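Protein sequence lines correspond, in order, to chains W and H. All residue numbers for the first sequence refer to the numbering used here, where the first residue is 1 and numbers rise by one. All residue numbers for the second sequence refer to the numbering used here, where the first residue is 1001 and numbers rise by one.
Be aware that one or more of the hints could be misleading.
Derived pair list, reagent style EDC-like, types lysine to aspartate or glutamate, alpha-carbon separation capped at 16 Å [said to hold, decoys possible]:
#1 W:576 / H:1481
#2 H:1307 / H:1296
#3 H:1145 / H:1157
#4 W:407 / W:370
#5 W:324 / W:255
#6 H:1513 / W:587
#7 W:574 / W:531
#8 H:1386 / W:59
#9 W:386 / H:1316
#10 H:1513 / W:79
#11 H:1576 / W:587
#12 W:576 / H:1506
#13 W:386 / H:1296
#14 W:573 / W:545
#15 W:92 / W:139
#16 H:1530 / W:481
#17 W:576 / H:1139
#18 H:1386 / W:323
#19 H:1241 / H:1296
#20 W:407 / W:432
#21 W:513 / H:1296
The set of hints was computed from the structure by calculation and includes no laboratory data. The structure displayed is predicted, hence computed values, not measured ones.
Chain by chain, the residues:
Number of protein chains: 2
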Amino acid sequence: MIKNIKKQPAKPASRNAWAHRRSSHAASTQKQEKQGLKVIPFGGLEEVGRNMLALEYDDQILVVDMGFGFPDEDMPGIDYTIPNFQYLKENKHKIVGVFITHGHYDHIGAIPYVIHEIGNPTIYATPLTRGIILKRQDDFPHQPKLNIETVHKDKEETIVLGHFKVTPFHVNHNIPDSIGLAIQTPLGLVVHTCDFKFDFSPIADEPADLGRIVTLTSQGVFLLLSDSTGSEKPGQAPSEKEIFDNLGTIFEHAEGRIIAATFSSLIERVQQIIYLAERFDRKLVIEGYSMKNNVEICRSLGYLKIKKGTIILPEEALMLPPEKLVIMCTGAQGEDRAALMRITNGEHRYFKVEQGDTIIFSSSVVPGNERSVQYLTDSLARQGAKIFNYRMMDIHVSGHAYREDLKLLLNIVKPKFLMPIHGQFSMLRAHEEIAQLVGVQKENIVIASNGDIVEFTPEEGKIIGEVPANYIMVDGLGIGDVNEVVLRDRELLSKDGMFVIIAAIDAKTGKLKGVPNIISRGSIHLRESKELLDEMRGLIKRIVERTATPGYMSNWAHVKDNIREQVGSFLWKKLKRRPMVLPAIVEV
Amino acid sequence: MIKNIKKQPAKPASRNAWAHRRSSHAASTQKQEKQGLKVIPFGGLEEVGRNMLALEYDDQILVVDMGFGFPDEDMPGIDYTIPNFQYLKENKHKIVGVFITHGHYDHIGAIPYVIHEIGNPTIYATPLTRGIILKRQDDFPHQPKLNIETVHKDKEETIVLGHFKVTPFHVNHNIPDSIGLAIQTPLGLVVHTCDFKFDFSPIADEPADLGRIVTLTSQGVFLLLSDSTGSEKPGQAPSEKEIFDNLGTIFEHAEGRIIAATFSSLIERVQQIIYLAERFDRKLVIEGYSMKNNVEICRSLGYLKIKKGTIILPEEALMLPPEKLVIMCTGAQGEDRAALMRITNGEHRYFKVEQGDTIIFSSSVVPGNERSVQYLTDSLARQGAKIFNYRMMDIHVSGHAYREDLKLLLNIVKPKFLMPIHGQFSMLRAHEEIAQLVGVQKENIVIASNGDIVEFTPEEGKIIGEVPANYIMVDGLGIGDVNEVVLRDRELLSKDGMFVIIAAIDAKTGKLKGVPNIISRGSIHLRESKELLDEMRGLIKRIVERTATPGYMSNWAHVKDNIREQVGSFLWKKLKRRPMVLPAIVEV
């Protein structure tokens, strides 16, 4: 399962030239820092998630977003990945502020790990985003207080941070209070769309503020940084109104209980389910820690409209007939410990699946989760539930602009330069193709990698250097202490397990004392492998006899090498497996 | 990463009643064995792959298919899974024959592991299927010879095996020589479609023999066993002609080299690529071990039409201009060591990706491979290749009947009873719904699980018992020796790694001798964790001093328990990780 492909393959030219790149960057910085505008993506390119980007002009840096990413399947045990912030740490005196564009974890999740390492600069966020950031800080009680300022998407505010004059504008996503940024710089206007789509009939939001975008960009746009996540999808992203109507049809025909699962961060959908519960005279129970948290924050800040009495406690729900109840919960991805899985497995404190239940998966399936979701679906179907998912009906839409939406934006904004951001490399490339169709010059489009220093001058945009941008892995309390070696060991251990061989050797005679102790995990079932173990002990004895020189201590390494090698070959011959073999010698 | 869901959850009624089920089965067998026809699926239900099924009447058993499945992501290190064959082993004297319906590994892959354990019964297969089975046996040189007979899909043959009179009929799939089976039994005709679709304009095959199916089933069908894999897909499966035309468009516009990746078992598509190479005057290189093998078998048996001179060696290909070359290869799933990955990573002996290459992924993405395929795609795009996949154009179609195709079959066959086979539980359920639309009575449809004994009498079909049907895991040379405990250990090791603690204790004094030896893998980077290790050694010393009783040997277990527990807590407190802690004590 170890993937051969590097997550972020360096471009061929720079593959072997880290030192060179560093020095050329230093050189170019000296020469050009007064004239060029630098854009440095630390994450979010060549991937979906882990978004963090900096604009640098003169000696000032503006940071946009600070998110985490979810680990790949070749990172076992890792909780999540955050962007490498070494460059920001080294240049923290230059940072003039941090803008967070919306409250999703791939945009806010790295804050507790990064913000204090880079001098605790002021964070600017809309009220809901701010609320979610502050709630998250509760999980990090020992950290100093955040400096966080509120900005508003509808007040025509401009925040002046040195060279950067930042005006937020409203875009649609699937969480309210999402903003894009119009950033006036000495070189001209930079527009950062962040994650966005246009929805002209959203349910829990206002339509994206097209008028404001037109006004803000009417003087010409120097550079557009724009979301590429949906650039491979033809047409326009459907409106949430369509999703809402389809969900309504399901509610209309459901005869028993409804269990609606979605992402807890998908506030737009959460509101739709609340509205539908109220319309169809059902009460609503909320299950799942993150779902409860988010509903609470959104309600208290006025971003969710919930009638009094709609939400009830699980104890109360148990008294209601099934046709009067909706359970809204987490777990649409088949996550092990989420509410829907516990309900399905009969492990939930209050609820289990019942004949006649209608289960709604109002979400996409995140790549990698297909099998878990299939097993969840099967298990629900087996228990007599009726299941609806996005393959059967349009009951989910992504929060990202599709191809025609991207064309619309490009037509309005008419940027001189374009740098596609947010998305796999193939998505950045697709975005480039779209932009050319709309009239952006090919040479004015820069496809960059995480860590690239892209410099824009009035004449051109180009990659002039690199900063470190590898994944920083978070595992429990450890940030970055799990490295490639540790990960590779985890992979190896998970494939064929390991054998520890403890040999007690008499230092004077070089002879084995007693029988070698063999500990094995993840390789074979020891109790059923007595014969194999006996053979192995015999082999170890012979190895020690042949290689241990009495009284000559320093050759233990040699004995261990021999055990490792020969026991390894023995196991390969016997089992065609390659468990890790770890010899230890105790002198007695 | 350990999934909570059981792969094949038993139905609630039978969850705790294995002993009971076994005895009730024995009882029912005695009572009814003269009258009922039993169908026992050992695999292939509640999953895609690992197909094996038995029909049993009186004291005779007919086996259909013997395939393997690919492991789930919670089975690290496992090569593949095969069906549990314990029931067949115990009843091998009853087996009258084995029919293999086509040459895909999910239908033939378990033969080398199972056939000799169940008395080496005669295998019946069409010529191509037979060729592929025999080629595979080369990998198992120490096995006795297979008894294998050839049947023909177009010769109106009927093979009489005791109570069962089997007539194969031709269906489409994506490998030639695929058959369904019309099986005359004392209770009436049983139709087993196996994997099938209808294609009225295939490229490398004849259309499914609808006329034969009509004739064979015109006297009425007692029971239909039918493929459910495509039952959730609306409409009809597109014809291979459409795929061929779309591939033709890509060939027509490709200016440089074409690299076409597909499954090596997808012989239909392989033929299309060969035809297109010839039509557009390109030479063809074949890369990938399984691709070369399959082309060779199919060509020698006359199932692939290849003009002389079309296929060339890689050395010759290097001399050709790019627009004259097609490389047909394995690796469309992003598999690590497959040809396409090696070409992409610059590790291939002859080829690397070049600017202007056209890459065709003529395959779907198997669930679980999405990320690997995305990384492969990105890496290719980064090197300047133009990529086509099934999301952009219809250049792949599955080999399974869609909803309308299933309706067509049901309308022709008009079975009294239906037992949906092949597919996830949700697909079996969807197939049930389709059948009801077409007029099959709900009570005459049996949705079973792997291992169920389904008995059909003229009056009814019902589940009357169960046989063992858990996954048998194949890992290297081991068949079934990796059990749940070993897998769980692999999962745990892969998450947080392990610490082995070796304490040498003086048996007389109960005191530690020297410093404890700590071996760790997959947990932390030891060299950077000196402080942690020192603390841990101090802790171990204290534990030994507190708990080891001098001269009293039998409490080493107690000492070890204490080390395991307290070092575990220590690491949790320090790292918020739970590595496996394995203490060993050496008496000195």
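*Would you pick out the hints that fail for this structure and give their numbers low to high?*
When the structure is compared with the hints, numbers 3, 4, 8, 9, 10, 11, 12, 13, 14, 15, 18, 19, 21 turn out to be violated.
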